[in-house]
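If you read the protein sequences in the order shown, they are chains Y and E. Residue numbers for the first sequence follow our numbering, beginning at 1 and rising by one. Residue numbers for the second sequence follow our numbering, beginning at 1 and rising by one.
Because the hints were derived from the structure by calculation, they are not lab data. Keep in mind it's a predicted model, so treat the numbers as computed, not measured. The reader is advised that the hints may include incorrect statements.
[To be verified] Label-pair restraints from in silico Cβ distances:
hint: 1; chain 1: E; residue 1: Cys56; chain 2: Y; residue 2: Ile9; range: 31 to 41 Å
hint: 2; chain 1: Y; residue 1: Asn151; chain 2: E; residue 2: Arg223; range: 55 to 65 Å
hint: 3; chain 1: E; residue 1: Arg81; chain 2: Y; residue 2: Ser28; range: 45 to 55 Å
hint: 4; chain 1: Y; residue 1: Ser103; chain 2: E; residue 2: Ser122; range: 34 to 44 Å
hint: 5; chain 1: Y; residue 1: Phe156; chain 2: E; residue 2: Ile73; range: 24 to 34 Å
hint: 6; chain 1: Y; residue 1: Gln119; chain 2: E; residue 2: Val57; range: 23 to 33 Å
hint: 7; chain 1: Y; residue 1: Ser84; chain 2: E; residue 2: Gly65; range: 31 to 41 Å
hint: 8; chain 1: E; residue 1: His308; chain 2: Y; residue 2: Ile9; range: 27 to 37 Å
hint: 9; chain 1: E; residue 1: Ser122; chain 2: Y; residue 2: Phe172; range: 51 to 61 Å
hint: 10; chain 1: Y; residue 1: Arg69; chain 2: E; residue 2: Met69; range: 53 to 63 Å
hint: 11; chain 1: E; residue 1: Glu78; chain 2: Y; residue 2: Arg33; range: 28 to 38 Å
[Unchecked claim] The calculated BS3-like cross-link candidates involving lysine-lysine, where the alpha carbons are at most 27 Å apart (straight line), are:
hint: 12; chain 1: Y; residue 1: Lys116; chain 2: E; residue 2: Lys125
hint: 13; chain 1: Y; residue 1: Lys62; chain 2: E; residue 2: Lys482
hint: 14; chain 1: E; residue 1: Lys482; chain 2: Y; residue 2: Lys37
By construction, the Cβ of each residue, glycine as well, lies at the ideal position given by its N, Cα and C atoms.
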Amino acid sequence: MSAGTLVFIVIAGILVMVVLYAVVAYNSLVGLRNQIKNAWSQIEVQLKRRHDLIPNLVETAKGYMAHERQTFETVTQARSRASSARTISEVSQAETELTGALSQFMVVVENYPELKANQNFLAIQEELTSTENKIAFSRQAYNDQVLFLNNKVQMFPSNIIAGMFNFRLAEFFELEDQSEKAVPRVSFS
Amino acid sequence: MFWSIIAANKRRTIILIAVMGLLLILAGYVIGMAFVDVYRPWAGIAGLIVALCIWCVMLMVSLYGADRMFLGITRAQEVRREHYPQLYNVVEEMVIAGSLPGMPRIFVVEDPAPNAFAMGRSPQKSCVCVTAGLLALCNRDELQGVIAHEISHIMNRDILFMTVAATMLGSILLVSDAFVHSLRYSGGPRFTSRARRTGGARSGAALLLVSLLLAIVGPVIARILYFAISRKREYLADATGARLTRYPEGLASALEKMQKNPLPLQAAPSAIAPFYIVNPYRMHLGGSPFATHPPLAERIRILRMMSHGAGYVDYTKAYITVTGSRRTLIPLKDMGEGADVPVRESCAPEQAETVLPTESRRRAGDIIRAMNNFAFITCACGLRLKLPPEFREDRITCPRCGRSHLVPEVNEKTISAVLTGAAVLTAPFSKPVCTGSSTAGQRKEATVQVADVVPGRWQTIQCSTCDHAYEISPRFRGKKLKCSGCGATIRIRMIPEDQTAPLPD
Numbered sequence: 001m002s003a004g005t006l007v008f009i010v011i012a013g014i015l016v017m018v019v020l021y022a023v024v025a026y027n028s029l030v031g032l033r034n035q036i037k038n039a040w041s042q043i044e045v046q047l048k049r050r051h052d053l054i055p056n057l058v059e060t061a062k063g064y065m066a067h068e069r070q071t072f073e074t075v076t077q078a079r080s081r082a083s084s085a086r087t088i089s090e091v092s093q094a095e096t097e098l099t100g101a102l103s104q105f106m107v108v109v110e111n112y113p114e115l116k117a118n119q120n121f122l123a124i125q126e127e128l129t130s131t132e133n134k135i136a137f138s139r140q141a142y143n144d145q146v147l148f149l150n151n152k153v154q155m156f157p158s159n160i161i162a163g164m165f166n167f168r169l170a171e172f173f174e175l176e177d178q179s180e181k182a183v184p185r186v187s188f189s
Numbered sequence: 001m002f003w004s005i006i007a008a009n010k011r012r013t014i015i016l017i018a019v020m021g022l023l024l025i026l027a028g029y030v031i032g033m034a035f036v037d038v039y040r041p042w043a044g045i046a047g048l049i050v051a052l053c054i055w056c057v058m059l060m061v062s063l064y065g066a067d068r069m070f071l072g073i074t075r076a077q078e079v080r081r082e083h084y085p086q087l088y089n090v091v092e093e094m095v096i097a098g099s100l101p102g103m104p105r106i107f108v109v110e111d112p113a114p115n116a117f118a119m120g121r122s123p124q125k126s127c128v129c130v131t132a133g134l135l136a137l138c139n140r141d142e143l144q145g146v147i148a149h150e151i152s153h154i155m156n157r158d159i160l161f162m163t164v165a166a167t168m169l170g171s172i173l174l175v176s177d178a179f180v181h182s183l184r185y186s187g188g189p190r191f192t193s194r195a196r197r198t199g200g201a202r203s204g205a206a207l208l209l210v211s212l213l214l215a216i217v218g219p220v221i222a223r224i225l226y227f228a229i230s231r232k233r234e235y236l237a238d239a240t241g242a243r244l245t246r247y248p249e250g251l252a253s254a255l256e257k258m259q260k261n262p263l264p265l266q267a268a269p270s271a272i273a274p275f276y277i278v279n280p281y282r283m284h285l286g287g288s289p290f291a292t293h294p295p296l297a298e299r300i301r302i303l304r305m306m307s308h309g310a311g312y313v314d315y316t317k318a319y320i321t322v323t324g325s326r327r328t329l330i331p332l333k334d335m336g337e338g339a340d341v342p343v344r345e346s347c348a349p350e351q352a353e354t355v356l357p358t359e360s361r362r363r364a365g366d367i368i369r370a371m372n373n374f375a376f377i378t379c380a381c382g383l384r385l386k387l388p389p390e391f392r393e394d395r396i397t398c399p400r401c402g403r404s405h406l407v408p409e410v411n412e413k414t415i416s417a418v419l420t421g422a423a424v425l426t427a428p429f430s431k432p433v434c435t436g437s438s439t440a441g442q443r444k445e446a447t448v449q450v451a452d453v454v455p456g457r458w459q460t461i462q463c464s465t466c467d468h469a470y471e472i473s474p475r476f477r478g479k480k481l482k483c484s485g486c487g488a489t490i491r492i493r494m495i496p497e498d499q500t501a502p503l504p505d
């Protein structure tokens, strides 16, 4: 075997390796992007579910707390704003408001022991708690995957493949910052 | 990211399993050699193949039939959403958090010992099983912690690993057992006499000694390896579970409750002990090389130490502090967690804590009964009647207050309503119920009805036109009631108790 063939084999081998790497990297990027889409749709499903639960909640609670019109209105308005939001940042903003309004609502509910004992209300509350948890967990899964994709898009050598096929950085879905700032309103009247 | 952790941990488990496999091959080879008197290479190979075949058969059987068999032994029953919305919701939350491809099937075992396990060879085909004792004992956060641990077993593919390891252990035991028995009954004399004739006595004896040694020591080593793998996977499932829920305290306090209630499980085959969240037999046996699970106290302490974060890094740090071991559970460099993982707050704690233990035990029993198609009637006097499906009558009298109730039909809708307690009395009966001794209610014309009420106690009256039921409080002082369903007026007549006819028995 001459030196020429040896060199040829080595170069061909390296080329094959590079192509193989490119294929694997491209596929994993596509897979991640699809997973992010999937995770986002999961968040949307849960947000929608929360929007659907709120009228039920308000309807059940109304009979018991007739004097809390203000609270009801806040929740209802926050809900309608949230369901008309479109972009990711708009949705985050509106959903944060809705979460705040709901937690205030729950603080008010504390004053109505009869409502708290109502089985229907308890069932809705369990659904709402679970939906809030599901929103939090799907957001968690979504953000994990966004972090992973962004790392791949920015880090060498997968960034070359990402640049060639126009993979963009994905946007994180943040909620907690503002909701932690909003302190529940406590009235002494 | 999860999969890098899984990959790192997989490597270590695979090494341990490979050592076990090597042990199996070695045992098969040496024992195969020992069965023939002189050195024949094919004998060793044959022994090896036999050992591997035994393992393959066991593996196939346990991969494709074990879960069904196991669920049958424990008499686990599948729960649907309407039986217990909270359990279903908690599992769904964890499935979302772990981005599993689908919902596992959920089962409940009617057993007072608090425990849980997961089964299934892949995340697509898996099931989670909890005992009624666990449901009775745990609040929502604790249940979430336990379910997160089980979902982590599914995510980390521990069930597959443990099945491979368990069948290897089983075949090593079987092969060495068969060898020792064959020696005792026939092997020994034949072995030595023929070997002596051919002049290979010394090598034959040496081979016998080696194979005996392997037959005795091999199973012990295999057991130690198996339990080491099992303990490692438990720690990892705790870590993943804490990361999924972002609330290590939930699992910690659930484990603590299990520690305080060390009831043995009634039906739990020992081969699947590693699949449970805590060892179903010897809850306090820990720290020995023959324990399937790490000591409970240690697991709780590690979880309680993670006050700063719920990520793998935090778990590993707590693990090092508590166990003092230098070998980390998960190699730190493989973790690749970009940001720290904050611990979240508990969801609805105070509500869950106010539930009395007897009340929660009753609730867990009700779930089991609902799964067995019991009919539930809550009487206005507060008594809850639970009728088995064998009860064929269409009405029943409340043993406490004597009210007559129609036995409702059992279907999925009524189950959910009953368990949440929602539609207890608003559920329409198929026929108007004659309440108390009132006969007037039925004879009157459609628009104005009369209902007799005994003052000073709770009572149910029903609109005879639309079957809407009303609860009359002992403090009700009104004369009339407008039915919200059909608009009919119901006149309430107060009749003191001594004037009414005796209640039907």
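Do the hints match the structure? See the list:
1. Cys56 (chain E) and Ile9 (chain Y) have their C-beta atoms about 40 Å apart, which keeps the hinted 31 to 41 Å range intact.
2. The hinted range of 55 to 65 Å is not satisfied by Asn151 (chain Y) and Arg223 (chain E), whose Cβ atoms lie roughly 42 Å apart.
3. Remark: the range hint 45 to 55 Å for Arg81 (chain E) to Ser28 (chain Y) is contradicted by a beta-carbon distance near 35 Å.
4. Between Ser103 (chain Y) and Ser122 (chain E) the Cβ separation comes to about 39 Å, which falls inside the hinted range of 34 to 44 Å.
5. Between Phe156 (chain Y) and Ile73 (chain E) the Cβ separation comes to about 54 Å, which falls outside the hinted range of 24 to 34 Å.
6. Gln119 (chain Y) and Val57 (chain E) have their C-beta atoms about 53 Å apart, which leaves the hinted 23 to 33 Å range violated.
7. Between Ser84 (chain Y) and Gly65 (chain E), the C-beta spacing of about 53 Å breaks the proposed range 31 to 41 Å.
8. Against the hinted window of 27 to 37 Å, the Cβ-Cβ separation of His308 (chain E) and Ile9 (chain Y) comes to about 54 Å, which falls outside the hint.
9. The beta-carbon spacing between Ser122 (chain E) and Phe172 (chain Y), approximately 31 Å, falls outside the hinted interval of 51 to 61 Å.
10. For Arg69 (chain Y) and Met69 (chain E), the hinted distance range of 53 to 63 Å is satisfied, since their beta carbons lie about 60 Å from each other.
11. Between Glu78 (chain E) and Arg33 (chain Y) the Cβ separation comes to about 36 Å, which falls inside the hinted range of 28 to 38 Å.
12. The straight-line distance between the Cα atoms of Lys116 (chain Y) and Lys125 (chain E) is roughly 39 Å, outside the 27 Å bound, and the hint therefore fails.
13. Distance check on the hinted pair: Lys62 (chain Y) and Lys482 (chain E) sit about 20 Å apart at the alpha-carbon level, within 27 Å; holds.
14. Proposed proximity of Lys482 (chain E) and Lys37 (chain Y) is contradicted: the alpha carbons are some 54 Å apart, above 27 Å.
In terms of the numbered hints stated before, the structure departs from hints 2, 3, 5, 6, 7, 8, 9, 12, 14, listed from lowest to highest.
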